[in-house]
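Residues per chain, in single letters:
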Amino acid sequence: MKIVVLIKQVPDTTEVKLDPRTGTLIREGVPSIINPEDKNALEEALKLKEQMGAQVIVLSMGPPQAEDALREALAMGADEAILLTDRAFAGADTWATATTLGLALKKIGDFDLVLAGRQAIDGDTAQVGPQVAEYLKIPQITYVRELVVEDGKVRAKRAIEDGYEEIEAKLPALLTITKEANTPRYPHAGAIMNAYRERKVTFWGVKDVDANPEQVGLQGSPTQVKRSFSPPPKEPGQIIKSGPAEAAKELVAILRQKNII
Amino acid sequence: MDFTFPKEYELLRRMIREFAEKEVAPLAEEIDRDERVPFEIIKKAAKLGLMGVPFPQKYGGAGAGEIGYCILMEEMNKVCGSTATIIGAHTGIGAMAIYLDGTEEQKQKYLVPLARGEKIAAFALTEPNAGSDAAAIQTRAIRDGNYFILNGSKLWITNGDIADVISVLAVTDPALGARGGVTAFIVEKDFPGFKVGRREEKMGIRGSPTAELFFEDCRVPAENVLGQFGAGFLTFMKTLDVGRISLAAGCLGAAQQALKMSMEFAKSRYQFGAPIAAKQAIQWMIADMAIEIEALRSLVYRTAWMMDSGNMGREFSTMAAMCKVFGSEVACRAADMAVQIHGGMGYMKKYPIERMYRDVRITRIFEGTNEIQREIIARNLFRNIGLRLR
Ligand SMILES: Cc1cc2nc3c(=O)[nH]c(=O)nc-3n(C[C@H](O)[C@H](O)[C@H](O)COP(=O)(O)OP(=O)(O)OC[C@H]3O[C@@H](n4cnc5c(N)ncnc54)[C@H](O)[C@@H]3O)c2cc1C
Ligand SMILES: Cc1cc2nc3c(=O)[nH]c(=O)nc-3n(C[C@H](O)[C@H](O)[C@H](O)COP(=O)(O)OP(=O)(O)OC[C@H]3O[C@@H](n4cnc5c(N)ncnc54)[C@H](O)[C@@H]3O)c2cc1C
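Residue numbers (this note's numbering), protein chains in the order written: chain A, 17 to 277; chain B, 653 to 1042.
Bear in mind the hints are in silico, worked out from the structure with no lab data behind them. Just so you know, even glycine gets a beta-carbon here, dropped at the ideal spot from N, CA and C. Some clues are possibly wrong.
What the hints assert, rightly or not - Here are the simulated DSBU-like pairs of lysine-lysine, each with C-alpha atoms no more than 35 Å apart in a straight line: (1) A:K65 to B:K931; (2) B:K890 to A:K257; (3) A:K216 to B:K699; (4) B:K854 to A:K195; (5) B:K919 to A:K18; (6) A:K195 to B:K931; (7) A:K63 to B:K659; (8) A:K18 to A:K223; (9) A:K223 to B:K659; (10) B:K699 to A:K173; (11) B:K710 to A:K63; (12) A:K65 to B:K890; (13) A:K33 to B:K696; (14) B:K674 to A:K195; (15) B:K761 to B:K674; (16) B:K761 to A:K33; (17) B:K674 to A:K18; (18) A:K65 to B:K919; (19) B:K699 to B:K931; (20) A:K257 to B:K696; (21) A:K123 to B:K1002.
What the hints assert, rightly or not - Covered stretches of chain B (in silico footprint by chain A; criterion: 3 or more residues with CB under 8 Å from a CB of chain A, positions within the stretch not fixed): (22) 661-668; (23) 699-705; (24) 709-722.
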């Protein structure tokens, strides 16, 4: 079995602080990590590898430093790593990202399973997984928290608002994995050393995936960001400190004055 | 010159920090209170290669060298002095002696399972009448055919009663003493005549077991002589040199944690209508801690780098002693200032500063007291200008 896991490198948002003056993110010195739910996707792949034998390939599109995310995936146990990196890929929206990943998956070929994280903690759209499946015209199961592969099929429990659905799909299929699925393993200290000293990351550019420059990057992105802004800060609340009877009266008066009641 | 850590070390640190914070920190208070050896942590650490970080992979280690091992000790000692001490005695001195001077067969037989954490090591030098004066040891080893018969006892041996494999120093020729008359041995806990005594109750690092060892006609095969016959003192001193770097790395971790907790506290504790961080008296303590921490970091990793570069001569030995003295004193000063900054809170058991204050105190005593280290440093320096002091 051949499993491809889609990995995105993201800033560790738990370490991101807001500049209190400008309200913008302070990105400086913020470490980059593997998108957390992509680690859950990788863990599922590694579990399958242990259970039934599989080749696990990790695939990412991103700037050259995304290599570190792939090396971490190698340390966790992935067999092969491919980084899609090219100036022409820059500025991609989710559509162009999915197209690029889809092209790479076609080039990798004869995969049985594609696993993605449910959602990236920075972009947050949860679109890329489903878009890749659509691009490849393969079945997709999103929000997966449990899965079994058997007889050329995958059976998965998919979280919905008030429970879960059990869905079966023919392979090859794409699944997006949620954090409830598992606890990702720690990489072994020796495997960490080897991931940098011995292992290889393959770099692919536009030409390697036979992309038409108009399909990818900014050019291939139908959505354009017009303006980004942070929501205005909430005004401080008001605390009424008098006793209960008094406070109730005051509260009613204020609500009336604001035409709320 | 380049002072950045290669990327593999950054990832190693991130993994270890996560492991320490998630798997070790939540147990640290209880480990200390109940004087409990955290076997479940040792087991998990072993699975991740953390019981043999410095050793080459062909001997079951992680192949991360002394630098990688210092990273482990730094991160582990931030959260639990007991766990760090167990790993220190196991990896940093017990197994290290076999790595430094063991034969290829000894490494295959003993170092491999130790580095994988399948077995636990200890390092047994100290005796009731031989503390700082290590050359005064009295444990005797007498040859009997293909065996040596050991008689004597060892005191305050970390991991002594949980170890499977113990590096032991014994006298083989009383006339020669430390110069040719002392030999190191690898002793297995199941060798006939080996016994462990009671576990000590201690001020700090209470989860790291400290025990007395007894050798009563203990039969050790001659192939278990560690290093050259008669040169055991050198093997042990060389091992202690190396152990001192990682001990200091642990101190670096403790000092950083003390600083971090102090800063958070000084920011959130209000007195006289302002955070106590606004007071110069507090600021100076914070600044002093930060200065010493940065100086210590440079010293520790430079010395670790010397070792990884194969430079283990007299200068290395001097530097390692400096690491030991400076590291332990920086950690003790930082813990002391942290208690002061925390006021009454710093004295309370429910706050980790109190535990750290007790845990770091040992670092000025074991693996050679600071007085002895200063003596080593000065002797080495004088020797550089032709004066031999004894
Ligand atoms: C309107 C719009 C405009 C944008 N414009 C730009 C721009 O100009 N410049 C720019 O840099 N970014 C831009 N982005 C961001 C970029 O397109 C997204 O970050 C990227 O497409 C991934 O989407 P996401 O972060 O929402 O991931 P999600 O869809 O939430 O991710 C789901 C899963 O898909 C997989 N995945 C996602 N991205 C990758 C990847 N790169 N490699 C491998 N696997 C992946 C992972 O498994 C991940 O868990 C834009 C996004 C939008 C919505
Ligand atoms: C918790 C703990 C764990 C330990 N673990 C181990 C272990 O795993 N293996 C092991 O072999 N040992 C271990 N030890 C023993 C430790 O290494 C010794 O305690 C240490 O070397 C000091 O010896 P001592 O206690 O006999 O002190 P002493 O040598 O009696 O020293 C007492 C005081 O006199 C000072 N002093 C002595 N000689 C001189 C001198 N020449 N000049 C100036 N001052 C001097 C000392 O610095 C000290 O202040 C451990 C000890 C403890 C407390």
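Against the structure, the hints:
Note on K65 (chain A) and K931 (chain B): the hinted pairing is violated, with a Cα-Cα distance of about 58 Å set against a maximum of 35 Å. Distance restraint check for K890 (chain B) and K257 (chain A): the Cα-Cα separation of roughly 71 Å exceeds the 35 Å cut-off, and the hinted pair is therefore not satisfied. In summary, the hint linking K216 (chain A) to K699 (chain B) is supported, as the alpha carbons are separated by about 24 Å, within the 35 Å threshold. A threshold of 35 Å between alpha carbons decides the hint, and for K854 (chain B) with K195 (chain A) the separation of about 43 Å lies outside it, so the pair is violated.
For a cut-off of 35 Å, the pair hint linking K919 (chain B) to K18 (chain A) is broken: about 53 Å separates their Cα positions. For the hint linking K195 (chain A) to K931 (chain B), the alpha-carbon distance of about 45 Å lies beyond 35 Å, and the restraint is violated. Between K63 (chain A) and K659 (chain B), the direct Cα distance comes to roughly 27 Å. Compliance with the 35 Å bound is thereby established for this hinted pair. This hinted pair checks out: K18 (chain A) and K223 (chain A) have alpha carbons roughly 24 Å apart, not beyond 35 Å.
Simply put, K223 (chain A) and K659 (chain B) have alpha-carbon atoms about 29 Å apart, close enough for the 35 Å limit, and the pair holds. At roughly 30 Å between alpha-carbon atoms, K699 (chain B) and K173 (chain A) fall within 35 Å of each other, so this suggested pair holds. Between K710 (chain B) and K63 (chain A) the CA atoms are separated by roughly 27 Å; this keeps the pair inside 35 Å, and the hint holds. Restraint check for K65 (chain A) and K890 (chain B): the C-alpha separation of about 45 Å exceeds 35 Å, so the hint is violated.
About 33 Å separates the Cα atoms of K33 (chain A) and K696 (chain B), which keeps this hinted pair within 35 Å; it holds. Straight-line distance between C-alpha atoms of K674 (chain B) and K195 (chain A) comes to about 17 Å, which keeps the hinted pair within the 35 Å bound. For the suggested pair K761 (chain B) and K674 (chain B), the alpha carbons sit about 33 Å apart, so the restraint of at most 35 Å is met. Proposed proximity of K761 (chain B) and K33 (chain A) is contradicted: the alpha carbons are some 51 Å apart, above 35 Å.
Taken as a hint, the K674 (chain B) and K18 (chain A) pair is honoured in the structure, with Cα atoms around 33 Å apart against an allowance of 35 Å. For the suggested pair K65 (chain A) and K919 (chain B), the alpha carbons sit about 49 Å apart, so the restraint of at most 35 Å is broken. A distance of roughly 47 Å separates the Cα atoms of K699 (chain B) and K931 (chain B); the hinted pair therefore is violated under the 35 Å criterion. Our distance criterion of 35 Å between C-alpha atoms is broken by K257 (chain A) and K696 (chain B), whose separation comes to about 53 Å.
Straight-line distance between C-alpha atoms of K123 (chain A) and K1002 (chain B) comes to about 58 Å, which puts the hinted pair past the 35 Å bound. Under a criterion of three residues with beta carbons nearer than 8 Å to beta carbons of chain A, the stated coverage of the region 661-668 of chain B is upheld, 5 such residues being counted. Coverage of the region 699-705 of chain B by chain A holds [criterion: at least 3 residues with CB-CB distance below 8 Å; count 5]. With 6 residues bearing a CB less than 8 Å from a CB of chain A, the region 709-722 of chain B meets the requirement of three and the coverage assertion stands.
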